[in-house]
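Q: Protein chains in written order, with my numbering: chain A, 1 to 307; chain B, 1 to 307.
Please note: incorrect hints may appear among the correct ones.
Identical copies go unnamed one by one, so any copy, or any two together, can satisfy a pair.
Straight-line C-alpha distance at most 16 angstroms; calculated EDC-like pairs for lysine to aspartate or glutamate [what the hints assert, rightly or not]: (1) Lys288 / Glu300; (2) Lys74 / Asp97; (3) Lys64 / Asp213; (4) Lys256 / Asp58; (5) Lys189 / Asp171; (6) Lys256 / Glu301; (7) Lys256 / Glu298; (8) Lys196 / Glu176; (9) Lys256 / Glu300; (10) Lys76 / Asp192.
Because the hints were derived from the structure by calculation, they are not lab data. Model, not experiment: these values are computed from the prediction.
Number of protein chains: 2
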Amino acid sequence: MPLIVAGSVALDDLATPFGERKNLLGGSAVHAGVSASFFTPVKLVGVVGEDFPREHVDFLKQRKIDIEGLKVIKGKTFHWEGYYEYDMNQAHTVKTDLNVLSQFDPELPESYRKSKYVFLANLDPELQLRILDQVAAPKLVVADTMNYWIENKKDALEEVVRRSDIMLFNDTEAREFTKVPNLIVAAKKILDMGAKNVIIKKGEHGALLFSKDLHFSAPSFPQEDLIDPTGAGDSFAGGLIGYLAKCGGTRTEDLKKAIIIGSVMASFNVEDFSLDSLRKLRNDQITKRYSMFRRFVEFEELPDNYI
Amino acid sequence: MPLIVAGSVALDDLATPFGERKNLLGGSAVHAGVSASFFTPVKLVGVVGEDFPREHVDFLKQRKIDIEGLKVIKGKTFHWEGYYEYDMNQAHTVKTDLNVLSQFDPELPESYRKSKYVFLANLDPELQLRILDQVAAPKLVVADTMNYWIENKKDALEEVVRRSDIMLFNDTEAREFTKVPNLIVAAKKILDMGAKNVIIKKGEHGALLFSKDLHFSAPSFPQEDLIDPTGAGDSFAGGLIGYLAKCGGTRTEDLKKAIIIGSVMASFNVEDFSLDSLRKLRNDQITKRYSMFRRFVEFEELPDNYI
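Just need the whole structure built from these sequences, with the hints factored in.
A: Listed below in structure tokens is the structure:
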């Protein structure tokens, strides 16, 4: 089933302990869209400037991503400059140039509007809502955000939470959004606000799923080759909703599998700069790593009356 | 099978957002010993002063803990004073009075020396080694430590690591001990130093097991009622080795079950001050929560050739 992925498209400059790179392909919609494209047809919504390199457009097309909804407007593409220190857990922003993103007025092509699956990647929540309003009858809405919107557009973000089937936060954001230090209590508060499911992304510590009747804990991949964490959360989300769009399911068991698929995609994403790892990724590597995730968490039941 | 638990016995003063308590029963050997006592006979090794309340001795006896190895010497019992802020993830020490612990010269009673299972709870690593030297033929040695010994007794601690079947660190300690920020790489470095297995305790994020051929990720319990985290790591370790001593096993499957049992015991330990939650704990609550842990991580395999 076709999936709308809306968010930022960026050119990134970044430095990690493993090297420096300039003008890398990035942005929340790109990491999520490419990740999702392994599972389902993707319809991208975003904006770039006239400087956006042809080769990146070609790469998106090669991934069979529909770019009718990718506007090219006068000016420069959104640009993020940042670095990671040796522990790699925290991105440090040097500079954010919104450029054309500041004038983004999303208008979905006709061919997008009947899509049932929608991923609202990190973006101004007012834009997320404007995009969602243009989808006739969404079946599954997944939304992501970041600390900036929590601090500056809380009301619009709360509306996004209310309208999402799966709301994504990282652990710090969930605490900041709810003003509750306990993650479990924070997640329940987000459910109370109207999200049907909440996923708390914990980076190197995996991810937690909460819904009314369910708690699921996904492990992280024991990552020795962590080269560039940029886009990890977006590729997680792309794998998650890409898988759900593929199988058309919203059963609990589908959701759990989707979270593991998301974790698998994120684990590949961080093994090289930008999208370079996903460029080379094969389907059999995905299914193999999925099985590894199962082995990481499997343990036997206790015998009856054991203690 | 009888199990030696050696470590500190303490009287704690602490403050959490849920209240203040003075002269609480605490210490690494007490939290670990009481937790282990749900599974196997425990032989305690430690030292207290003449001020150690009779009621605490009675409680240990009631848990069928052998206290022949608990020395009472002239002076005051080891005393820790600390507090937790609202996020509860970090203990802040106000004062540590070693008192009689500074003169502790552990000498195992004859009846202890043939024990096969040994838990060296957090204690000066030189004392840990002196205790281990008195055990004739240990079958399974589990050891824990803390940042103070990493900073001040590195050589002795490295010897403990070499001689341990299962070495425990929390995530911060593992990074500090190995000077490696990546936890996976840090764990492998500890294995290279001679530990047969390493467990990285991550508090609210669960625990990771590493050995030469195995990686296992244990989830944490989604804890809403976190009242007092003191002793969480010790009750984890006590449940872990208590279970292994009970089943006599060292198979991979036993080890994984033991880590979940440890996680279950820690999850109960933190639900009230001091040992108060374990005082009331019943075996059926342990097995019930164990099953909950399984449900938190279970997910289905992907169908063949799915992607």
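Q: Now, for every hint given, state plainly whether the structure supports it.
A: Results of checking the hints against the structure:
With identical chains, the CA atoms of Lys288 and Glu300 are at most 16 angstroms apart between copies only, with a shortest distance of 14 angstroms across copies and 22 angstroms within one. Taking the shortest alpha-carbon separations for Lys74 and Asp97, only the intra-copy value of 15 angstroms comes in at or below 16 angstroms, while the best inter-copy value is 69 angstroms. Neither within a single protomer nor between protomers do Lys64 and Asp213 lie at most 16 angstroms apart by alpha-carbon distance, with minima of 37 angstroms and 39 angstroms respectively. Proximity of Lys256 and Asp58 under a CA criterion of 16 angstroms is satisfied in neither setting, with 33 angstroms inside one chain copy and 47 angstroms between copies.
For the homomeric pair Lys189 and Asp171, the shortest alpha-carbon distance inside one copy (14 angstroms) is at most 16 angstroms, but the shortest distance between copies (28 angstroms) is not. For the identical chains of this complex, Lys256 and Glu301 are inter-copy neighbours only, at 11 angstroms across copies versus 20 angstroms inside a copy, given an alpha-carbon limit of 16 angstroms. Taking CA atoms no more than 16 angstroms apart as the test, Lys256 paired with Glu298 passes in both settings, with 14 angstroms inside one copy and 8 angstroms between copies. When the C-alpha separation of Lys196 and Glu176 is checked against a cutoff of 16 angstroms, the pair qualifies neither within a copy, at 20 angstroms, nor between copies, at 41 angstroms.
For the identical chains of this complex, Lys256 and Glu300 are inter-copy neighbours only, at 8 angstroms across copies versus 19 angstroms inside a copy, given an alpha-carbon limit of 16 angstroms. Taking the shortest Cα distances, Lys76 and Asp192 never come within 16 angstroms of each other, neither inside one copy (41 angstroms) nor across copies (51 angstroms).
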